[in-house]
Amino acid sequence: KQEVTQIPAALSVPEGENLVLNCSFTDSAIYNLQWFRQDPGKGLTSLLLIQSSQREQTSGRLNASLDKSSGRSTLYIAASQPGDSATYLCAVSHREGGSQGNLIFGKGTKLSVKP
Amino acid sequence: EAGVVQSPRYKIIEKKQPVAFWCNPISGHNTLYWYRQNLGQGPELLIRYENEEAVDDSQLPKDRFSAERLKGVDSTLKIQPAELGDSAVYLCASSLTIHGTEAFFGQGTRLTVV
Numbered sequence: 621k622q623e624v625t626q627i628p629a630a631l632s633v634p635e636g637e638n639l640v641l642n643c644s645f646t647d648s649a650i651y652n653l654q655w656f657r658q659d660p661g662k663g664l665t666s667l668l669l670i671q672s673s674q675r676e677q678t679s680g681r682l683n684a685s686l687d688k689s690s691g692r693s694t695l696y697i698a699a700s701q702p703g704d705s706a707t708y709l710c711a712v713s714h715r716e717g718g719s720q721g722n723l724i725f726g727k728g729t730k731l732s733v734k735p
Numbered sequence: 034e035a036g037v038v039q040s041p042r043y044k045i046i047e048k049k050q051p052v053a054f055w056c057n058p059i060s061g062h063n064t065l066y067w068y069r070q071n072l073g074q075g076p077e078l079l080i081r082y083e084n085e086e087a088v089d090d091s092q093l094p095k096d097r098f099s100a101e102r103l104k105g106v107d108s109t110l111k112i113q114p115a116e117l118g119d120s121a122v123y124l125c126a127s128s129l130t131i132h133g134t135e136a137f138f139g140q141g142t143r144l145t146v147v
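Top to bottom, those sequences are chains G and Z. Numbered per our numbering, the first sequence spans residues 621 to 735. Numbered per our numbering, the second sequence spans residues 34 to 147.
Simulated from the structure, these hints should not be mistaken for lab results.
Once the Cα atoms are required to be at most 27 angstroms apart in a straight line, the calculated DSSO-like pairs of lysine-lysine come out as: (1) 111(Z) - 727(G); (2) 44(Z) - 111(Z); (3) 95(Z) - 111(Z); (4) 727(G) - 44(Z); (5) 48(Z) - 662(G); (6) 621(G) - 688(G); (7) 111(Z) - 662(G); (8) 44(Z) - 730(G); (9) 662(G) - 44(Z).
Computed, partial: chain G to chain Z, Cβ under 7 angstroms: (10) 669; (11) 709; (12) 721; (13) 725.
Across the chosen pairs, the derived CB separations fall in these ranges: (14) 60(Z) - 703(G): 24 to 32 angstroms; (15) 118(Z) - 639(G): 32 to 40 angstroms; (16) 113(Z) - 703(G): 39 to 47 angstroms; (17) 672(G) - 114(Z): 40 to 48 angstroms; (18) 147(Z) - 648(G): 39 to 47 angstroms; (19) 633(G) - 74(Z): 18 to 26 angstroms; (20) 40(Z) - 732(G): 27 to 35 angstroms; (21) 114(Z) - 696(G): 45 to 53 angstroms; (22) 113(Z) - 720(G): 26 to 34 angstroms.
Heads up, the beta-carbon is just placed ideally off N, CA and C, and yes, glycines get one too.
Isolated chain G, as found in the complex (with noise of 0.2 angstroms):
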C-alpha cells in the first residue's frame, strides 16, 4: 500500500530564507508525484508536476526535485515570503494495482514565513 510522508509537519522561518519540504513514498511504482500549495479554508492549488522520468521542475523561485528510485521529493523555496504561508501536500499518482491512476497524499508541511 502506497504511503505519503511529510517532514516537518510545520516550519516557521524568517523572511528572505530558503527552504526545503520534504515528500517520501514508499512505492516507486508512480505516474508522477504533484506538489500543492492549500491556504486555510481554500482548495488546493497545484504547484509543480514531475513526471515519473524527470529529475526536477521549475517554476519560479520554486523548485522541485524527484529520485523516484529512494522514493524522496524535495521542494526548494527561494527567497522566502510572507505570502508563502500555507500548507504545502505532495501527492504521487499511483501506478499499478487496484488503485491505479489515485493520487494518494501526505499530511502536509504548514509553513509559516515571519516579515
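Use these hints to put chain Z onto chain G, whose structure you have.
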C-alpha cells in the same frame, strides 16, 4: 477557462439529515475524484471516476455515501444520513486522464454536522 467548480462552499446540517455536493470538472477531463479532508490531514480518496464509470470506490462508506457522474461530466456526492464524524471538507478534482496528467482541485465544500 473555468477551473473545477464545486457547490455549495459551506453547508451546516443537523445529524441524520441528508446532504449533497455538486462538482463540475474542467471541460474535457475524463477523470474525476472526490476526496475528504479532515482538519490537519491530507485529502483521502472517496471515489474516482473514469468518464461515467466509478473505477475505485473502495474507500466510500457505502452504507451512507453515494455518488454519481451523469454523462461523464458533472458529479454529485450524497450523504444520507449524515453523522457528526462526517464534518470535513469535501474536495473534487479532475484530470485529463490517470496517466501522468496534472490534477486540478475545486475550492471544496466545508460540511459541518451539528
